[in-house]
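From first to last, the protein sequence lines stand for chains Y and P. By numbering that gives the first Met the number 0, the letter at position 379 of the first sequence is numbered 378, and the numbering carries on one by one without gaps. By numbering that gives the first Met the number 0, the letter at position 213 of the second sequence is numbered 212, and the numbering carries on one by one without gaps.
No false leads were slipped in.
Below, in silico cross-link-like pairs of lysine to any residue (SDA-like), each with a Cα-Cα straight-line distance of 25 Å or less:
# : chain 1 : residue 1 : chain 2 : residue 2
1 : Y       : Lys170    : Y       : Asp69
2 : Y       : Lys170    : P       : Ala72
3 : P       : Lys60     : Y       : Val49
Not close to chain P: a few residues of chain Y, all C-beta gaps over 10 Å, as computed:
# : residue
4 : Asp60
5 : Ala86
6 : Thr88
7 : Pro263
8 : Ser342
9 : Asp396
It should be emphasised that the hints constitute simulated quantities derived from the structure, not laboratory data. The beta carbon of each residue, even a glycine, is placed where N, CA and C say it ideally should be.
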Amino acid sequence: MRPRTPLLTVVGALALALTACSGATPATPDGTTSSDTGDGHGAVSGAAEVAEPQLGLTTIDPSGAVTHLDLLDESVSDLGSIGEPTAMTTDGRYVFAQTAAGIEIVDSGVWTWDHVDHFHYYRAEPRLLGTVVGDGQATVATTNLSTSGGTGVFFAESGEAVLLDTRALSKGDISEYFRIETDAHAGMVVPIGSYALVTHAEGGVASSVVGYTSDGEPTEVEAPCVDAAGTITTRVGAVIGCRDGALLATINEGELVIERIPYPAASPAPAATSFANREGRPTVAGLAGTDGIWLLDTRARSWTFLPAPAPLVSATAVDDDDDHVLALAADGRVLVLNGEDGSVIAETEPLVRDSIAAGHIPALIADQQRAYLSGPAEQHLFEIDFADAARIARTFDTATPPMFTAETGR
Amino acid sequence: MTMVRLRARVAVAAAASVVGLAACTPSPDDDRPLVAVTTNILGDVVSELVGDQAEVMTLMKPNADPHSFEISAQESGRLRSADLIVSNGLGLEEGLQQHLDTAAADDITTFVAGDVIDVLDYAEGDAAGMPDSHFWTDPARMLDVVDALEPVLADLAGVDAEAIAASAAAYRHELSDLDAEMTDAFGAIPSERRALVTNHHVFGYLADRFDFEVIGAVIPGGTTLAAPSASDLADLVTAVEQTGVRAIFAESSSPDRLVQALASEADVHVEVIELYTESLTEPDGGAPDYLTMMRVNTERITTGLSP
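Produce the entire structure from the sequences given, and follow the hints as far as they go.
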């Protein structure tokens, strides 16, 4: 399965004569040039490797002030100010905030390198990286990698599809692999390996996705996807929600492959239009309207429907040994559900009733051991031990309303 | 299921011959062959083997992570002018793979340690079935690498093959001594106590060779230890109770807090010991070279597990 390099790649007679010289710098296969860390050091430039994940909650308040709460030492730092935010996406390191200017990017300075068999953890200086300019509401799609690959941004109003160079972001630069014009629609650019899937529209509605190279050239890879909505990347591949199922894009021996995972036949439940999980895990959750949860296992390529025990406003899959699924009920309770049958294992008191009543959707984020819930109206950030009867482990007060909250360092 | 495929574009390496030859000037300071080595562990071993017969450029700095370290443009240029590139392989040098591929496409001789050893696959977890790249925790496998590497080094133009043979023989002797010491030390641990409860992921080869059981355990991190409950520690407590060990081998930024939490929440009393895993340290650190790194780990494991 894995290509093995032969023991020795020995070369013809010219090799030794040539080896003492270095020729012109060739471009590397994905179009990047050699990295230059500047200081000549071999480590990740400007970053310190640390023993455990540098978990934090990076929040943005209504005025655009960005704050980072370090969950290890509980210190709070001010990362600077951006425009007034109206939406936010994160990959666990960067925060992509929608403002009037476009997509403003904040580097929290903390991240995890996933090596599949284990992880490495990094900390560097946080910084505001700048703005990806574009018109109207944008959809941002990330991978689980914060130092390589691409990050997609799609501007609905102009139909501009942008693929950002994530490695450049890690060095503090906003650099676009491509920016291509499509028809205006609520579309998306979903990075996968050195490719990206871009939605194409018919009559102003997304109807298919097309694979593009990082140079912005369309490939022959294409799949229908009516009403494309919601995307997430697991360690299996990139997911895009469609009216009749999900597309799963993977890279198989260098080839871009799209599979379709249809919803179970005759399912009356509405399609999921957004997905959430513990970062990277194969199983993701999406609401089926307000009365159910769809679980998509990207490894098994299967859907499971869980009936909701109460009207819900969001859900996420922990995908741990106990198959925990977390949901936020419309009355502000966090429910810990059994992912096999949807039964309620534990629940909190209503923690964010006022926020939901005021029209906010609090962030509900799961990591391996804890879940985090934001209360913009309550001005609290809750840490919940979902495996221990939904115990509130810690509660943090915020100085201003945390309108948008990302868990970073992972 | 719809499946659409696209053949990946293949990078075409430009032919370098004419320009390369014309511009060719050897380094003014050093006309010895250049051996580029990816990891600092292999860098140390290669240095022991070549002595002063070749220049060794180790790309990975001390105390670094072998998967994600980056190299400068200058190092990348020198890599392409190397006479030999020695790498670990088996997917270890993820961040460097592009540079290694480029160099291989430039027809530079390469030696991949993972190709000359008996490879173990991960048995469980998300990486199950993937090859374990951390062969160096077994000194016998390092000996296999030395055996395969010696003729390659001896073939480098301008080196004295006899000198290489002499230093390789001396280093083989060192590795054999290390192997014997580890065998003795671990042999003295009662077999029922030969268990590594750990969040280190690199000891598969050591365990295989010296008959340890590795029990991968979730080591609660800082967010958990801030407000822990018994359930947070259940996995670890089970592993400790099953094995009866008095020490766990964990990377933790707050080992004291972990020890306290285990004691207060679960009445479990263990030591938390950190081992060297994937990188050598600076010369004045605890693991400046491969042999020392192995001896220090052996001593720590033996002390931690002995009754």
